[in-house]
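Protein chains: 2
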Amino acid sequence: MRNLETCFSPALYEEERHLGKLVVIIDILRASSSICAAFENGVSSIIPVATVDEAKAYKSKGYRVAAERDGYVLDFADFGNSPFNFTREKVEGQTIVYSTTNGTGLIQKAKGAGIIAIGAFLNITALTKWILEHDMDVVLFCAGWKNRFSLEDTLGAGAIAELLIESGSISTICDSTHAAIDLWTMAKKDPWEYIQKAAQRSRLREKGLDDCIEFCLKPDYTKKIPYFKNGILVE
Amino acid sequence: MRNLETCFSPALYEEERHLGKLVVIIDILRASSSICAAFENGVSSIIPVATVDEAKAYKSKGYRVAAERDGYVLDFADFGNSPFNFTREKVEGQTIVYSTTNGTGLIQKAKGAGIIAIGAFLNITALTKWILEHDMDVVLFCAGWKNRFSLEDTLGAGAIAELLIESGSISTICDSTHAAIDLWTMAKKDPWEYIQKAAQRSRLREKGLDDCIEFCLKPDYTKKIPYFKNGILVE
Chain A
1 MRNLETCFSP
11 ALYEEERHLG
21 KLVVIIDILR
31 ASSSICAAFE
41 NGVSSIIPVA
51 TVDEAKAYKS
61 KGYRVAAERD
71 GYVLDFADFG
81 NSPFNFTREK
91 VEGQTIVYST
101 TNGTGLIQKA
111 KGAGIIAIGA
121 FLNITALTKW
131 ILEHDMDVVL
141 FCAGWKNRFS
151 LEDTLGAGAI
161 AELLIESGSI
171 STICDSTHAA
181 IDLWTMAKKD
191 PWEYIQKAAQ
201 RSRLREKGLD
211 DCIEFCLKPD
221 YTKKIPYFKN
231 GILVE
Chain B
236 MRNLETCFSP
246 ALYEEERHLG
256 KLVVIIDILR
266 ASSSICAAFE
276 NGVSSIIPVA
286 TVDEAKAYKS
296 KGYRVAAERD
306 GYVLDFADFG
316 NSPFNFTREK
326 VEGQTIVYST
336 TNGTGLIQKA
346 KGAGIIAIGA
356 FLNITALTKW
366 ILEHDMDVVL
376 FCAGWKNRFS
386 LEDTLGAGAI
396 AELLIESGSI
406 STICDSTHAA
416 IDLWTMAKKD
426 PWEYIQKAAQ
436 RSRLREKGLD
446 DCIEFCLKPD
456 YTKKIPYFKN
466 GILVE
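Residue numbers (the working numbering), protein chains in the order written: chain A, 1 to 235; chain B, 236 to 470.
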């Protein structure tokens, strides 16, 4: 039987133990959702970069760059990290550079994985089908915020875990996965209402960046499965 | 308003941010519960030690020693780490040495705290009253297992958090605390039934050490509040 685990924070990721597994990075507000939106709108690939200098270097070579710091679009960037920015007009057929300190940290942690894919509510049904087609152990890797546990990523993990376990071909003995499923069970009737107490919900509101939250909780906006190939996101 | 946070694992403890706070160490199965049982039965103090050699050194000086490794009582020790071992006959008026690799790691992490206390279901009502008497921010510090999230410690944190927040003098903006309260809400009708899926429940069963679980989930066995004074547990 294939095994499923959930990791609530980069600080809890067990690199040695997760070698060769199928790792799904979940950052509901907003990176995973933005990446799914970009692929739905025809982006050809996304290059994640950690630093502003790297993003600038790509910009000077002619790439389109999505870059924020503390919620504000950087002056040299083409747009910020909201999923609403990755419109068909802006991204179709393009390679986009995506600046994300947190995201590149996660990718670094998961570098020994067999596959690293991007998971969100926006691609949940297609993603779980795709996971089931790969005969590998699975790790749901929640991005959190500054290494902290986050409710919205945990709900995403719980929703994916529920579907995987319902399939009957994947099981879990992981307390984090049980907790994620139980929290999702409480929240799923109205995830938007549930998420009101989440810290990231407040942080985004304070910066006027919360317009995308309802969208990010919407299941099955896309069938795309973004995953990493040589450090670059493709579908 | 006083602030409440929950930390699900030693790997998530934020030492700098928690300086001077009231930290409650929660290790339901079994250290917190055993320590509460020992104080209820009249132990005068408990010295936690990290290594077998330290425990042996205390033994040779005449101390009574509780020491297990992987669930087995060490040959030189007087008894193991089950709460049922800390009977009045064995501990009343004594200083006991308690060998715990995991526990001493937590104490080391929390060394900058203003107070470090021991929390369990066994002392929950007295503990929450005592916390409310101290005008300090509070961190519920779950021991987990090998840095992993654990369901039973999270339930303990959720049960304590619920009482603290109901008091009206403590609030939280911490996602971990919200999650712990919600999981406790799901579990509280029958914590024993809920905990059946916990990994630590299975580990203790495999070693024949699960006879104490129902006891460890029992509220208000004692009014004692074990806390650290110069590295030693007193009440």
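Do not take every clue at face value.
Unchecked claim - Below, a list of computed lysine to any residue pairs in the SDA-like style, where the Cα atoms sit at most 20 angstroms apart:
(1) B:K381 to A:K197
(2) A:K146 to B:T420
(3) A:K146 to B:N238
(4) A:K189 to B:D310
(5) B:K294 to B:D310
(6) B:K423 to B:K442
(7) A:K146 to B:L398
(8) A:K197 to B:E250
Unchecked claim - Under 8 angstroms between C-beta atoms, here's a sample of chain A residues computed to sit facing chain B:
(9) A11
(10) E15
(11) L19
(12) F149
(13) T154
(14) I170
(15) H178
(16) A179
(17) D182
(18) W184
(19) K189
(20) I195
(21) Q196
(22) A199
None of these hints come from the bench; they were simulated from the model.
Note that this is a predicted model, so its numbers are computed, not measured.
In this text, a Cβ means the ideal position worked out from N, Cα and C, and glycines have one as well.
Each hint, compared with the structure:
{"no.": "1", "hint": "B:K381 to A:K197", "result": "29 angstroms, violated"}
{"no.": "2", "hint": "A:K146 to B:T420", "result": "27 angstroms, violated"}
{"no.": "3", "hint": "A:K146 to B:N238", "result": "19 angstroms, holds"}
{"no.": "4", "hint": "A:K189 to B:D310", "result": "54 angstroms, violated"}
{"no.": "5", "hint": "B:K294 to B:D310", "result": "11 angstroms, holds"}
{"no.": "6", "hint": "B:K423 to B:K442", "result": "26 angstroms, violated"}
{"no.": "7", "hint": "A:K146 to B:L398", "result": "28 angstroms, violated"}
{"no.": "8", "hint": "A:K197 to B:E250", "result": "25 angstroms, violated"}
{"no.": "9", "hint": "A11", "result": "5 angstroms, holds"}
{"no.": "10", "hint": "E15", "result": "13 angstroms, violated"}
{"no.": "11", "hint": "L19", "result": "17 angstroms, violated"}
{"no.": "12", "hint": "F149", "result": "5 angstroms, holds"}
{"no.": "13", "hint": "T154", "result": "7 angstroms, holds"}
{"no.": "14", "hint": "I170", "result": "16 angstroms, violated"}
{"no.": "15", "hint": "H178", "result": "5 angstroms, holds"}
{"no.": "16", "hint": "A179", "result": "6 angstroms, holds"}
{"no.": "17", "hint": "D182", "result": "6 angstroms, holds"}
{"no.": "18", "hint": "W184", "result": "11 angstroms, violated"}
{"no.": "19", "hint": "K189", "result": "13 angstroms, violated"}
{"no.": "20", "hint": "I195", "result": "10 angstroms, violated"}
{"no.": "21", "hint": "Q196", "result": "10 angstroms, violated"}
{"no.": "22", "hint": "A199", "result": "5 angstroms, holds"}
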